[in-house]
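Visitor: Residues per chain are reported as follows:
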Amino acid sequence: MTEVVQNIAQPRVAQPHITVGNLNLWYGEKQALKNISMHIPKNSVTALIGPSGCGKSTFIRCLNRMNDLVKNCRIEGKVLIENKDIYGADVDVVELRKQVGMVFQKPNPFPMSIYDNVAYGPRIHGVNKKDINGVVEGALHSAALWDETSDRLKSPALSLSGGQQQRLCIARTLAVKPRIILFDEPTSALDPISTSRIEDLIMNLKKDYTIVIVTHNMQQAARISDYTGFFFMGELIEFGQTRQIFHSPKEKSTEDYITGRFG
Amino acid sequence: MFNRNYKEKTIESVLFSVSALTVVILLLICLFLFRDSLLLFKETSLLDFLTGKFWYPTSVNRQFGLLPLFFGSLIVTAGAILFAVPLGIASAIYISEIAHPKVADALKPFIEILAGIPSVVFGFFGLVILVPAVQNTFNLPTGQTALTGSIMLGIMALPTIITISEDAISSVPSTIKQGSLALGATRWQTIYKVIVPAALSGISAAVMLGMGRAIGETMTLMMVTGNTAVIPSFPGGILDPVRTMTATIALEMGEVPQGSAHFHALFAVGTVLFTITFLINLIADLIKNRYRFKVD
Numbered sequence: 001m002t003e004v005v006q007n008i009a010q011p012r013v014a015q016p017h018i019t020v021g022n023l024n025l026w027y028g029e030k031q032a033l034k035n036i037s038m039h040i041p042k043n044s045v046t047a048l049i050g051p052s053g054c055g056k057s058t059f060i061r062c063l064n065r066m067n068d069l070v071k072n073c074r075i076e077g078k079v080l081i082e083n084k085d086i087y088g089a090d091v092d093v094v095e096l097r098k099q100v101g102m103v104f105q106k107p108n109p110f111p112m113s114i115y116d117n118v119a120y121g122p123r124i125h126g127v128n129k130k131d132i133n134g135v136v137e138g139a140l141h142s143a144a145l146w147d148e149t150s151d152r153l154k155s156p157a158l159s160l161s162g163g164q165q166q167r168l169c170i171a172r173t174l175a176v177k178p179r180i181i182l183f184d185e186p187t188s189a190l191d192p193i194s195t196s197r198i199e200d201l202i203m204n205l206k207k208d209y210t211i212v213i214v215t216h217n218m219q220q221a222a223r224i225s226d227y228t229g230f231f232f233m234g235e236l237i238e239f240g241q242t243r244q245i246f247h248s249p250k251e252k253s254t255e256d257y258i259t260g261r262f263g
Numbered sequence: 001m002f003n004r005n006y007k008e009k010t011i012e013s014v015l016f017s018v019s020a021l022t023v024v025i026l027l028l029i030c031l032f033l034f035r036d037s038l039l040l041f042k043e044t045s046l047l048d049f050l051t052g053k054f055w056y057p058t059s060v061n062r063q064f065g066l067l068p069l070f071f072g073s074l075i076v077t078a079g080a081i082l083f084a085v086p087l088g089i090a091s092a093i094y095i096s097e098i099a100h101p102k103v104a105d106a107l108k109p110f111i112e113i114l115a116g117i118p119s120v121v122f123g124f125f126g127l128v129i130l131v132p133a134v135q136n137t138f139n140l141p142t143g144q145t146a147l148t149g150s151i152m153l154g155i156m157a158l159p160t161i162i163t164i165s166e167d168a169i170s171s172v173p174s175t176i177k178q179g180s181l182a183l184g185a186t187r188w189q190t191i192y193k194v195i196v197p198a199a200l201s202g203i204s205a206a207v208m209l210g211m212g213r214a215i216g217e218t219m220t221l222m223m224v225t226g227n228t229a230v231i232p233s234f235p236g237g238i239l240d241p242v243r244t245m246t247a248t249i250a251l252e253m254g255e256v257p258q259g260s261a262h263f264h265a266l267f268a269v270g271t272v273l274f275t276i277t278f279l280i281n282l283i284a285d286l287i288k289n290r291y292r293f294k295v296d
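So the protein sequences, as listed, match chains A and B. In terms of this note's numbering, the first sequence has 205 at position 205, counting the first letter as 1, and numbering is strictly consecutive. In terms of this note's numbering, the second sequence has 80 at position 80, counting the first letter as 1, and numbering is strictly consecutive.
Same shape as in the complex, but just chain A (with noise of 0.2 Å):
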């Protein structure tokens, strides 16, 4: 795999889920993201931090092919999820999904009842009824919701808290049994409290999945990942462990943003 990627980032880890190389992509004809190479270790929290418009969300997206639904979007390079190219002739979007979770911004439960709402995932995947009740209390249980939604999983998921929404997103996605999960600035819109759990969470999960996560709070990102990746207009100026980039960055741009000079 090395071979076919050239520079490539890569904190010293084990074992990479997911390995991108020289991955460009336009909007347009506007280069959103350059040559962006590096390797995303499995079973571990990755934070992909950096200002607005860096391309940190454009490249989240192009690991579960969002951007597909972008009109004008050209991508080239390469994503190897489990040394399988996602962008190859032979690829199945829906299959690739359901392998790469993702939560976004703002919380997006369905209009339905919040057992609806994740059992949506196991009902379209074909999953057998008499197993979906089991499938919904466990995605309930590892989301930390399953206390506070137990005695009213009839009730419309609109009726829950913004956190709570969050929450059963998560839910949600766990419930299709991915092996990536995706986080798009998922406490952006959020209250502290609400924060706070869902970074708990998160750090709960890596136990089970890979996660990557684009935050706009570099505190966030110190707290609660074990890589780090800085974006800056489309490039990727520096991946490692959070540690290191954040008490010896090596770039100075990275040293900026991380001290607060921009961004």
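Hint data in this document are derived by calculation from the structure and do not stem from the laboratory. Among the hints, a few may not be true.
What the hints assert, rightly or not - Partial chain B-side listing against chain A, Cβ under 8 Å, derived:
1) L21
2) P132
3) L183
Claimed, not checked - Now the stretches of chain B that chain A is said to cover, found in silico as 3 or more residues with beta-carbon under 8 Å:
4) 170 to 181
5) 190 to 201
No residue lacks a Cβ here, since even glycine has one placed at the ideal position from N, Cα and C.
Please build the complex by placing chain B on the supplied structure of chain A, with the hints as guidance.
Guide: Relative to chain A, chain B alone:
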């Protein structure tokens, strides 16, 4: 300073009067409609009018039974809805979710033009094209049937149903759509399991408004339904001529002596029609106001 204030106030009160005029006109229409209808009940009881099976307004033993006209309107409208709702919703889904934006933009003006065609032109088209077609297809003595009326009305209600459903579907936030796709749902699963249910109250409002349009339609029906005031059988009556409430008023109003019982009976039919459309619009409004998303 005083001058400007005065001017502002004048403009305000002129605009208020104009808006208030609408309400006054509506109230006056109600008043006259009800007043003239009530005079019928000196001749016939309300019960006889509402449950009467025969509409013989000009025979010696005259009878003013609403049912033949009511069921005439009902069967034509029901047929139109059965025909227009699936087509309308399918078109709305296609335009808002599936069609390339350029195709959607090209289609929309045609739908608006369809809404703007005068009903007499629809009626003429129906009479010349659809009536013989229905007659030949079902081998009937006449092609002027409830079915013919239903098809014409369905076509006429389509623009309302498509436009309002399309609006409801498009107003479902794209974040919800992305949420579904990100869970590995296909586009089609996303449409029928998330988007359409989320837009359902808007779509129901569209159907109600389409129905309101259909039940009040007059000219086209007069031209294609044969105007026979007999209670249609169900469901075979769809292939018989019928007469709707609207067509009855339009056909008979010109020939009835003012102030006669027949005259008042037509007003009473008008009141029933008004009440039905009022209720339909009210229900449509109630459900429509519920569908606005509270997510954002």
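Visitor: All the hints need checking, so say for each whether the structure fits it.
Guide: Consistency of the hints with the structure:
no. : hint       : verdict
1   : L21        : violated (40 Å)
2   : P132       : violated (47 Å)
3   : L183       : holds (4 Å)
4   : 170 to 181 : holds (count 7)
5   : 190 to 201 : holds (count 4)
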